[in-house]
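Trainee: So the chains spell out like this:
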Amino acid sequence: MPIAAGRAASFSPTGGIATSDGTEIAAPLVVSAIHPQTTFLHLVDPAESGTGFVRSVRNVRSFGNVAKLDLALDRIPSFEGLPAEARSGRIVLVRGMEQVETAFNPAKYGEFSPDPVMEITLPSLADPALAPAGGCTLSALVQYAPYRLKAGWETGKPAFLRIVLETLERHAPGIGTSVVAASLMTPVDIEAEYNLPGGHWHHGELQADQLLVNRPTGVASGYTTPIEGLYLASAGAHPGGGISGLPGWNAARHILSGERA
Amino acid sequence: MNAMTKSAADLRRAARDHIRAPRLETPFHARLTALSEVNDWYDWAGYKAPHSLFDGELEYFAIRSTAALFDISPMVKYRITGPDAERYLNRLTLRDVRKLAVNRVHYTAWCDDHGHVLDDGTLFRLADQEFRLCCQERHLPWLLDSAFGFCVDISEETEEIAGLALQGPTSYAVLRDAGFAGVERLKPFDIAAFPHEDAGVTVSRTGFTGDLGYELFVPRAKALSFWDRLWAAGQPHAIRAIGYGALNQTRIEAGFIVANADFVTAEAALRADRVRMPDEIGLDWLVDPDKPNFNGRRAILGARRNQSLKHILVGLEIEGNIPAEHAIVYHRQKREAGLVTAAIWSPTAKRNIAIASLERPYGSKFTEDLWVEIYAMRELKYQKLMKRARIVPRPFVRLARRTASPPGLT
Numbered sequence: 001m002p003i004a005a006g007r008a009a010s011f012s013p014t015g016g017i018a019t020s021d022g023t024e025i026a027a028p029l030v031v032s033a034i035h036p037q038t039t040f041l042h043l044v045d046p047a048e049s050g051t052g053f054v055r056s057v058r059n060v061r062s063f064g065n066v067a068k069l070d071l072a073l074d075r076i077p078s079f080e081g082l083p084a085e086a087r088s089g090r091i092v093l094v095r096g097m098e099q100v101e102t103a104f105n106p107a108k109y110g111e112f113s114p115d116p117v118m119e120i121t122l123p124s125l126a127d128p129a130l131a132p133a134g135g136c137t138l139s140a141l142v143q144y145a146p147y148r149l150k151a152g153w154e155t156g157k158p159a160f161l162r163i164v165l166e167t168l169e170r171h172a173p174g175i176g177t178s179v180v181a182a183s184l185m186t187p188v189d190i191e192a193e194y195n196l197p198g199g200h201w202h203h204g205e206l207q208a209d210q211l212l213v214n215r216p217t218g219v220a221s222g223y224t225t226p227i228e229g230l231y232l233a234s235a236g237a238h239p240g241g242g243i244s245g246l247p248g249w250n251a252a253r254h255i256l257s258g259e260r261a
Numbered sequence: 001m002n003a004m005t006k007s008a009a010d011l012r013r014a015a016r017d018h019i020r021a022p023r024l025e026t027p028f029h030a031r032l033t034a035l036s037e038v039n040d041w042y043d044w045a046g047y048k049a050p051h052s053l054f055d056g057e058l059e060y061f062a063i064r065s066t067a068a069l070f071d072i073s074p075m076v077k078y079r080i081t082g083p084d085a086e087r088y089l090n091r092l093t094l095r096d097v098r099k100l101a102v103n104r105v106h107y108t109a110w111c112d113d114h115g116h117v118l119d120d121g122t123l124f125r126l127a128d129q130e131f132r133l134c135c136q137e138r139h140l141p142w143l144l145d146s147a148f149g150f151c152v153d154i155s156e157e158t159e160e161i162a163g164l165a166l167q168g169p170t171s172y173a174v175l176r177d178a179g180f181a182g183v184e185r186l187k188p189f190d191i192a193a194f195p196h197e198d199a200g201v202t203v204s205r206t207g208f209t210g211d212l213g214y215e216l217f218v219p220r221a222k223a224l225s226f227w228d229r230l231w232a233a234g235q236p237h238a239i240r241a242i243g244y245g246a247l248n249q250t251r252i253e254a255g256f257i258v259a260n261a262d263f264v265t266a267e268a269a270l271r272a273d274r275v276r277m278p279d280e281i282g283l284d285w286l287v288d289p290d291k292p293n294f295n296g297r298r299a300i301l302g303a304r305r306n307q308s309l310k311h312i313l314v315g316l317e318i319e320g321n322i323p324a325e326h327a328i329v330y331h332r333q334k335r336e337a338g339l340v341t342a343a344i345w346s347p348t349a350k351r352n353i354a355i356a357s358l359e360r361p362y363g364s365k366f367t368e369d370l371w372v373e374i375y376a377m378r379e380l381k382y383q384k385l386m387k388r389a390r391i392v393p394r395p396f397v398r399l400a401r402r403t404a405s406p407p408g409l410t
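So the protein sequences, as listed, match chains A and B.
Following the working numbering, the residues of the first sequence are numbered contiguously, the last one being 261.
Following the working numbering, the residues of the second sequence are numbered contiguously, the last one being 410.
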């Protein structure tokens, strides 16, 4: 049940959730696989939390720095130096660690990388239903694209897309002429599309102060939260994103064990 | 020039100029300094405030026998307004703000998420959606952080609002003769507004002395003319301006605690064991478990359930007449049990009284055989006294005139 625009009435033990269309679902236990900031700042009435907890949740660093590229191609692209059978794997366009480091530098100053690093898959090779016969889909994570772009993403996005396509062209000559449709999602687009604060696909940066017993914050770690009956299970909980399913798995085990903290 | 014509840099520069006046003067400073015979000043929250103006003992008896005027302008004051003001304050503070009627004041306290007391103070409900919070320490960042999710406006008004406490048995007579008709209708903790020149004065029947008394707030620009109005009317009623020394004696008699004197506030405490829950400083009666969620609720109720409270605040009566300030409290003269945080010989109770913080189970389970060790400095030599102490209820002094309505004239 989508509760995107809703506000949970209360997460008291006798609570549950209220959806945006006014439906109320009573439940003794609510598991939120939604971003911790959305959970505690919007779905739970902040009055139900302590000031210190709300402050710590608001200060979780969750500004995305990765853009998502989707291309529809009229043929399967060829990458220079890459055997055809390797195209079904993960293709990383990077010259080395040095480039990752320098590609990040502009992001510190609110600019996107002019020489981005890309992580590419061709999903239709594994699932032909994704593209018409002969065609191909390309999906790529592009780094770095800061959420707070100084110039603003309205003008920044076309410029960044051009750079991304030029980068692809260098490694897969002719790919530009095979593009049927292109979509680039910046962190701002990801935020709007998935109601994900900051457009961070990991629901919060994976850094030492936001890992393990500090994920998403100390008080809400271990899947239990200060709100009785409310548990966390999203990438914002340990061990974080990456589509491992582990936060949900751990949350379920924790809840079933009956432990409180 | 105003904010519209000044550049951001100019505004920042102007705001930085506070360093040029490291000790501020209150709006009443001109009157206080003219009355000061002993030049005995101290620092109250960055303001120059009198510890004594002419004679501590006579100032004390002005509070208890006639009328005393005490400048409370340095007290930190916040204005909290908006449609969510009540709900916001109910989450912030311990007592149920829904029960605080318009034109009423209540004493309250507020805690962090761990249930440790950040401060205590008085909350004035000036209108349905308009409150004033008065306290000892500054809390603007905490108040602003607490506002997330609430529709409220919060501003500090310490500098704009001048405050006076008028306390003592003739304080009502002073106000009556100063022309505040109807002030006799104020019961304890009531608020009323009166005109003063082209501005207003907010009068509440509140105070820190345990006596008949009022607190009065006026805009800064009206401070001196307001003082003069009270001062002139007060002459036949033996009004005296007083300093903190005298006030402190009466507040100990009344059993009131002072933040960062009788307990360390959670944001000021550097050492992990110095913080205190409401139940550890005698404020358990403020905690309302039946109201909606408030800061510290889980921790406070958890500590009660698990009986993990470590300290307790008690009133002591000590044999002899030497004040036991900062004396160590012992059980059976041997085992250290706590510390006296405030102590005086009470001229009104004629008892040697003290407020002490004890480590449980002393004060909770073991309430007998308590002693205090007083180090009385006598010409560069400590005279060590081991005196018997008895736990007694607070207030130490209970005056019928404090609550008499209508108030008496003498």
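Don't take each hint at face value.
As the list claims (entries may be wrong) - Pairs of lysine to any residue residues, derived as SDA-like cross-links and limited to a Cα-Cα distance of at most 25 Å, are as follows:
#1 B:Lys291 - A:Ala47
#2 B:Lys291 - A:Asp209
#3 B:Lys291 - A:Asp70
#4 B:Lys187 - B:Asp279
#5 B:Lys291 - A:Glu98
Unchecked claim - Here are the simulated distance ranges between beta carbons:
#6 B:Ser225 - A:Glu24: 57 to 63 Å
#7 A:Gly152 - B:Ala9: 50 to 56 Å
#8 A:Arg58 - B:Arg13: 29 to 35 Å
#9 A:Gly22 - B:Gly302: 50 to 56 Å
#10 B:Leu301 - A:Val213: 49 to 55 Å
#11 B:Glu159 - A:Ser244: 30 to 36 Å
Hints in this document: simulated from the structure, not taken from any laboratory.
Quick caveat: nothing in here was measured; it's all calculated off a predicted structure.
Glycine included, C-beta positions come from ideal geometry on N, C-alpha and C.
Trainee: Against the structure, test the hints numbered earlier, and report the numbers of the ones violated in rising order.
Mentor: Per hint list: 2, 3, 4, 5, 7, 9, 10, 11 violated.
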